[in-house]
Amino acid sequence: MAAQSVVTSLVLPVLPEIMLLVLVIVVLGADLFWRGERRDGLGWLTAVGLTIALVVTIAYSRPQDGSSLIFGGMLRNDWPAFSFQVIFLFAAAVTCLLSIGLPGVGGQGEYSALIVVSTLGMSLMAASADLIMLYLSVETTSIPLYILAGFLKRDEKSTESGLKYFLFGALTSTVMLYGFSLLYGFSGETNLYRLAQALQSGGISPWVIAGVAVLSLVGFGFKVAAVPFHFWTPDVYEGAPTPITAFISTASKAAGFAVLVRVMLVAFPSIEITWTALLAAMATATMTIGNLLALAQHNIKRLLAYSSIAHAGYALIGLVALSELGAASLVFYLIAYIVTNLAAFAVVILFARSAGSEEISDYAGLSRRAPGLALVMLVALLSLAGMPPLAGFVAKFYVFAAAVQSGWIWLAFVGVLNAIVGLYYYMTVLKVIYLYRSEDEDKAIAVPRPHAVALTVCVIGIIAVGTVSAPWLDWAMTAARGIF
Amino acid sequence: MHLPILSIIVFTPITMAVVILMMPGERHGLIRGLALTGALIAAGLSVVAYISYDQALAGYQFVEQYAWVPSLGISYHVGVDGMNLPLVLLTGVVIVTGVLISWGIDDRPREFFAFLFILATGVFGVFVSLDLFQLFFFYEIAVFPMYLLISIWGWKVTREYAAMKLTLYLFIGSVVALVGGLAMYFTSGLGSFNMLELQQASFSPAFQRFWFPFVFVGFAVLGGLFPFHNWSPDGHVAAPTAVSMFHAGVLMKLGAFAALRVGIMLLPDGARYWAPVILVLATINVIYGAFIASVQTDFKYVIGFSSVSHMGLVMLGFATLNLDGLTGAGLQMFSHGVMTALFFAVVGMVYDRAHTREIPKLGGFSHFMPLVTFAFIVGGLVSMGMPGLSGFVAEFPIFLGLWQVQPIVALIAALGIVITASYIMRVVGGVFFGNTPQDLVGHIGPIRGQDRVALVVLAGLLILIGLYPAVMAPMVQSGAGAVLRVVGGA
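Line order of the protein sequences matches chains G and B.
Residue numbers for the first sequence follow our numbering, beginning at 1 and rising by one.
Residue numbers for the second sequence follow our numbering, beginning at 1 and rising by one.
Derived by calculation from the structure, the hints in this document are not laboratory data.
Values in this document were obtained by computation on a predicted structure and should not be read as measured data.
Ideal placement from N, C-alpha and C gives every residue a C-beta, glycine not left out.
Partial selection, computed: residues in chain B whose CB lies under 10 Å from chain G:
#1 69
#2 122
#3 136
#4 143
#5 152
Isolated chain G (complex conformation) (with noise of 0.2 Å):
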C-alpha cells in the first residue's frame, strides 16, 4: 500500500524525466556498440525512444487529482508541466527523425544523447516550482543546445552559431540568476508559490520588485526570444544544423514560454500591472521587429528565425491578456506552432539536403520539381501566416479573442496588422516556389522515410489543431487552470 502511494506521487510525476534519463545512456551504449551501417539506427533509438516516452506519458503521468508539490517542492505536478513535457517529447522525436542521415549529425551518439538531455532540462524546466531548480533545469536544457548547435565543427557558420549562442545565453543566464538572488533575498524564499505571499507581505515597493522581475525576464526573453533578447537568433538559426535550428525555434521556445508563464502568473501577481504593460510592449515590438525584419531576408532559415521571433509576440499576447483564456491560448499557440514549424524546418532540411541551398531564390520551380513537398510548405507557411483551416488560424484567433476580452483592444489590432506583414512574405516565398521557373526543375528531391512519416505526422497536426480545435483548446485550458 505504501510503496503503491510512493509510485504514483513520487515516481509517476516524474516518469518522462526518468525514461529520458533511461534512453539517454541507452542511446549512449549503442553508441559505444553499434558500428558501421547499424549507426543510422541511432536516430531511429532515439526517436522510437522518444516516441515510447511520449505515448507512456500521456498514459500514465497525466496529473491525478490537482496540482501537488513534490521533491520537497522542487517541483510541482501539475497539468501545465505535465502538457508542456507532451510537446518537448513530441518536438523532440520530429526532431531525432529529421536528423537521420544527415551528414556531420546522422549517426552521431552524442547528437542523439545531447538532444534527449537536453529534452529531460525542458521538461524539468516546465516542472520546477522553485527557483533553483529553475535555474539548474535551465542550464541543463541549455548547455546541451550550446554544443548541438556548433555540432558542425569544421563548419565556420556553425561553429560561430554554437559560441554566439552560449556567449548571449551565458549572460542572459547569469542575469536572470541575479534576479534569482534577489528574489531570494527579499522574500527569503525560493518555493515560487510560498514567494509570492511573501512579496505581498513584506511590505518591499513594488518598483523594487518589478526591477527584479525585470532581471528575471532577461534570462527568459532570451529563450523564447523576445525583443529585445532576439539578436542572437539568425545567426544561431543560420548557422547551426537545421534539425537544431527547428528544435530551438519550437521545444526550447516553448520551455522558455512555460517558465515564463509560470514565474509571471505565480510569482509576482502583486505588480500584474506593471508586468502586463512591460508585456505588451515587448509584445508589440517582438511582433514589429520580427516581421519587419523577415521582409529582408533571402536566407529560409533566416526568414524563419525572425519569424519565429514574431511568433513569439503573438504568443506573448496570451500572457498579456492575464486571463485564463489567454493562458489557455498562449499554450495552444504554442502547440499550433511547433507542429506548423518543425514541417517548415522539415521541407528545408530535405531541400538543403538534394539541393545544397538555402537561399529562397533557389526554391524557384520547387512545385514542379517535387509538388508534393512544395504543398507542404505551402500549407505550412499558411499556417505560420494564420489561414484557415491551418492550426495558425485557429492559434490568431484564440490569442486576439484572449486580448479582447481583457480590454487590449490595441493590442489585438496590432497583432492583426502584423499578421498582414507576416502574410507577405510568407507569400514572397510561396511565390518562388509556385511561380518562378527554375533550370533545376527535372532534378527530384529525395524524401527518406523517417522525413516522410515527420513531414505526415506534422501535416496532418496542422489541419488537425485547425479544424478539430475543441479537444487541443480544452487541454490548453486545462493546462491554463493548472498554474494556480
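Starting from the known structure of chain G, fit chain B onto it as the hints suggest.
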C-alpha cells in the same frame, strides 16, 4: 433526419480538391473530368436546395448545427434564407461555367482546379454560415487561394503585383472585421458566436457606432466599396478567365453579403448612424466606376471598373435599409454575378484569339463568334438595366428604395446607368462590329463546345430572371424582410 444538403454543397469542392491533388499531374483529361463532376454535384445540389426551399415557410431552412468548439460557444451552423440561397445558386453556376471555360488550361491543371475548388468551399461556407467564427473561417479560405490562382495562372504583365495587392487588401479588411467580431462576442456576454443569438444582443448605440465602420468596411473592401476598391480592377484584369469570373462574379458578393450579415444585421444602430456615409461612398462607386470604365482602352479594365460601378448599386441598396432597396440589392448581387461572369468569359475568349485586349485593335468579332456577340450584348443590356432582363428586375427596386430615402442620390446614381450605356455600346461597337483589323483575319478560330455551354447557361439565366422575375424576386424579398425585422424597420 433530412439530407445535410448544405454541408454536402460546402464540402464537395474541397473533397474534390483533395482527390484531384492525389491524381497524377499529367492526366489532364482525368483531372478536368473530376473537376467538372465536382462542380456539377455542387451546382446540382444548390439547384435542388433552391427549388425545394419552402417559400411559404420562409426563414432559415436546411439548418444544421453541430458543436465545434463548445467551450467558446463556436458551432458549425449552416442555414439558408431568401438572401443567401440565390448566392449559393450563383456560386454553383459560376463554378460549373468556370470549369468549362478553363478547359484549355495546360499549365499544372491539377493545382489550378484544386485551388479553385478550395476557394469554392470557402465561398459556399461563408454564404451558408450562421456562426460568426465559421464565417471568418471560410472567409479566409475563400480569400487566400486567389493569390495563387492569379499569380500563377494570371496575365504575365501585372499578375505578381495585382495578386499581392488584392490579397493584402482583402486580408487587412477581414482581420479588422475579425477584431470587431471578437468585440461583439465578448461585449454581448452570451458566450456564443451564433449570429442568430448575437443579433438579439442589442449592443449599446455607442458600441455599435464605434465598431460598425470596422466591421462593415472590413468586409466591404471585398465588395469593392470606394475608396477601397483599388485592388479590384487590377485583380480582375490580372486573373485568368475563370478566376476573374469567380472573383468579380462571386467573391465581391461575398464581401457585400458579409458586410450585410455581420455589419448591418448585428449592428443595426451603427448601420443607421453610418448609412448616409455609405450612401455617399456607394454613389461615388457608381459614378466614378462608370466614368473610369468609359475611358479605358483595355477591354478587361472596362469590365473590371464596371464591376466597381455595379457593386456600388448593391451598397446603395443596403444603405437604404428599406424593403425595396434590400430586395434590389439581393437581386443585383445575383444578377451582377451572372452578368460579370459572362463578361469575363467573353473577354477571355476574345483575348485567347486576338492576343490583345486593346479595343482599338479589335473589331468585327460578330462575324466569327455570333454566339459570343449575342451573349455579350445580353450582358450589356443587363448592365444598362434594360427591362426584360435581370438587370432591370434588380436595379429598379434599388432606385425605388433610394427614392424613398434620398431622391437626390437616386438621381445622381441614375446617371451611372447612362454612362454605363455609353461604355457598353462603345465596347460592343469597337469589339464586335466594325472592321476586323487585317492582322487578325484568318486567326480567329471557333470557340470550344464547353465555352458555348457556359455562355448559354449564363445568358439564359439573365433572360429567365428578366422575363419571369417570380423565380427569384419573392424569395429575395422574403430574405430582405427578414433582414429588416432584425434591423428594426426602415
